[in-house]
Amino acid sequence: SQQGEEDPQALSIQEGENATMNCSYKTSINNLQWYRQNSGRGLVHLILIRSNEREKHSGRLRVTLDTSKKSSSLLITASRAADTASYFCATDGNDMRFGAGTRLTVKP
Amino acid sequence: DTAVSQTPKYLVTQMGNDKSIKCEQNLGHDTMYWYKQDSKKFLKIMFSYNNKELIINETVPNRFSPKSPDKAHLNLHINSLELGDSAVYFCASSRGVRETQYFGPGTRLLVL
Chain A
3 SQQGEEDPQA LSIQEGENAT MNCSYKTSIN NLQWYRQNSG RGLVHLILIR
53 SNEREKHSGR LRVTLDTSKK SSSLLITASR AADTASYFCA TDGNDMRFGA
103 GTRLTVKP
Chain B
10 DTAVSQTPKY LVTQMGNDKS IKCEQNLGHD TMYWYKQDSK KFLKIMFSYN
60 NKELIINETV PNRFSPKSPD KAHLNLHINS LELGDSAVYF CASSRGVRET
110 QYFGPGTRLL VL
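If you're matching them up, the sequences are chains A and B in order. Residues 3 to 110 in the numbering used here are what the first sequence lists, from first letter to last. Residues 10 to 121 in the numbering used here are what the second sequence lists, from first letter to last.
Calculated from the structure, these hints are not laboratory results. Please note: incorrect hints may appear among the correct ones.
Said to hold, decoys possible - Computed, partial: chain A to chain B, Cβ under 7 Å: (1) Leu-45; (2) His-47; (3) Gly-61; (4) Asp-94; (5) Phe-100; (6) Gly-103; (7) Pro-110.
What the hints assert, rightly or not - Heads up, simulated BS3-like pairs for lysine-lysine below, C-alpha to C-alpha not over 25 Å straight-line: (8) Lys-109/A <-> Lys-50/B; (9) Lys-31/B <-> Lys-28/A; (10) Lys-80/B <-> Lys-50/B; (11) Lys-72/A <-> Lys-28/B; (12) Lys-80/B <-> Lys-49/B; (13) Lys-45/B <-> Lys-76/B; (14) Lys-80/B <-> Lys-28/B; (15) Lys-28/A <-> Lys-80/B; (16) Lys-28/B <-> Lys-45/B; (17) Lys-18/B <-> Lys-50/B; (18) Lys-49/B <-> Lys-61/B; (19) Lys-18/B <-> Lys-28/B; (20) Lys-50/B <-> Lys-31/B; (21) Lys-53/B <-> Lys-18/B; (22) Lys-28/A <-> Lys-61/B; (23) Lys-28/B <-> Lys-49/B; (24) Lys-58/A <-> Lys-71/A; (25) Lys-72/A <-> Lys-28/A; (26) Lys-72/A <-> Lys-53/B; (27) Lys-53/B <-> Lys-28/A; (28) Lys-18/B <-> Lys-49/B; (29) Lys-31/B <-> Lys-53/B; (30) Lys-109/A <-> Lys-80/B; (31) Lys-45/B <-> Lys-61/B.
We treat Cβ as the ideally placed atom computed from N, Cα and C, and that holds for glycine.
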């Protein structure tokens, strides 16, 4: 079974900067989702992008999907300290699979 | 109102004991999941039920047994607990398979 793999494993930036995280997967998908996990909490769904979509926006989040490269990116613009969390991508295929996540630290 | 709830929140127990973790969702979803998140934060799916039927059963020790008495509940029973079972266990639900998942707060299990 496939799963998304996030890159980088960890990212540290200053408040106000943009943060970009990448996700790669191996087989064909119907959709790809991004989730966020604050320390000690459950995952929270951020955004879903379907295989026939190339880009999607939600507030300060921008997700792109390149099915030819089997990759997706999550861009958080004008980051805030409150964005500090782990970010996971999940792909479906036969069923949902999560990667190991990118741990984002936004320094005030 | 809590959408996906788990009990207990913390569980500290001795090796060899048997314990259960309960999960309930009030979202009317058909699909429920159990995940294990280890110390490296890797989130691994263990089981998934759709309409009370087991649809995903990953390679986990048979000491782990899920039970779904109805669509709103998915419990996890663990026999003969081992040190390596220490982790955070998350329950989740979704309207259907492959759809957005809603996670519970997690159960932190520590086996001594």
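Status of each hint after checking the structure:
1. Leu-45: Hint on Leu-45/A: holds, closest Cβ of chain B at ~5 Å, below 7 Å.
2. His-47: holds (5 Å)
3. Gly-61: violated (17 Å)
4. Asp-94: holds (4 Å)
5. Phe-100: holds (4 Å)
6. Gly-103: Constraint on Gly-103/A satisfied, holds at 6 Å.
7. Pro-110: violated (23 Å)
8. Lys-109/A <-> Lys-50/B: Holds - the C-alpha atoms of Lys-50/B and Lys-109/A are around 21 Å apart, at most 25 Å.
9. Lys-31/B <-> Lys-28/A: violated (34 Å)
10. Lys-80/B <-> Lys-50/B: Cα-Cα ~28 Å, so violated.
11. Lys-72/A <-> Lys-28/B: Violated - the C-alpha atoms of Lys-28/B and Lys-72/A are around 41 Å apart, more than 25 Å.
12. Lys-80/B <-> Lys-49/B: violated (31 Å)
13. Lys-45/B <-> Lys-76/B: holds (16 Å)
14. Lys-80/B <-> Lys-28/B: Status holds; Cα separation ~22 Å.
15. Lys-28/A <-> Lys-80/B: Violated: Lys-28/A and Lys-80/B sit about 32 Å apart, past 25 Å.
16. Lys-28/B <-> Lys-45/B: Holds, at roughly 15 Å.
17. Lys-18/B <-> Lys-50/B: holds (18 Å)
18. Lys-49/B <-> Lys-61/B: violated (31 Å)
19. Lys-18/B <-> Lys-28/B: holds (13 Å)
20. Lys-50/B <-> Lys-31/B: holds (22 Å)
21. Lys-53/B <-> Lys-18/B: Holds, at about 19 Å.
22. Lys-28/A <-> Lys-61/B: It is violated: about 30 Å lies between the C-alpha atoms, which goes past 25 Å.
23. Lys-28/B <-> Lys-49/B: The given pair, whose Cα atoms are some 23 Å apart, holds under the 25 Å limit.
24. Lys-58/A <-> Lys-71/A: holds (17 Å)
25. Lys-72/A <-> Lys-28/A: Holds - the C-alpha atoms of Lys-28/A and Lys-72/A are around 7 Å apart, at most 25 Å.
26. Lys-72/A <-> Lys-53/B: holds (21 Å)
27. Lys-53/B <-> Lys-28/A: holds (17 Å)
28. Lys-18/B <-> Lys-49/B: holds (20 Å)
29. Lys-31/B <-> Lys-53/B: holds (18 Å)
30. Lys-109/A <-> Lys-80/B: violated (43 Å)
31. Lys-45/B <-> Lys-61/B: holds (20 Å)
Taken one by one, the earlier hints fail for this structure at numbers 3, 7, 9, 10, 11, 12, 15, 18, 22 and 30, listed in ascending order.
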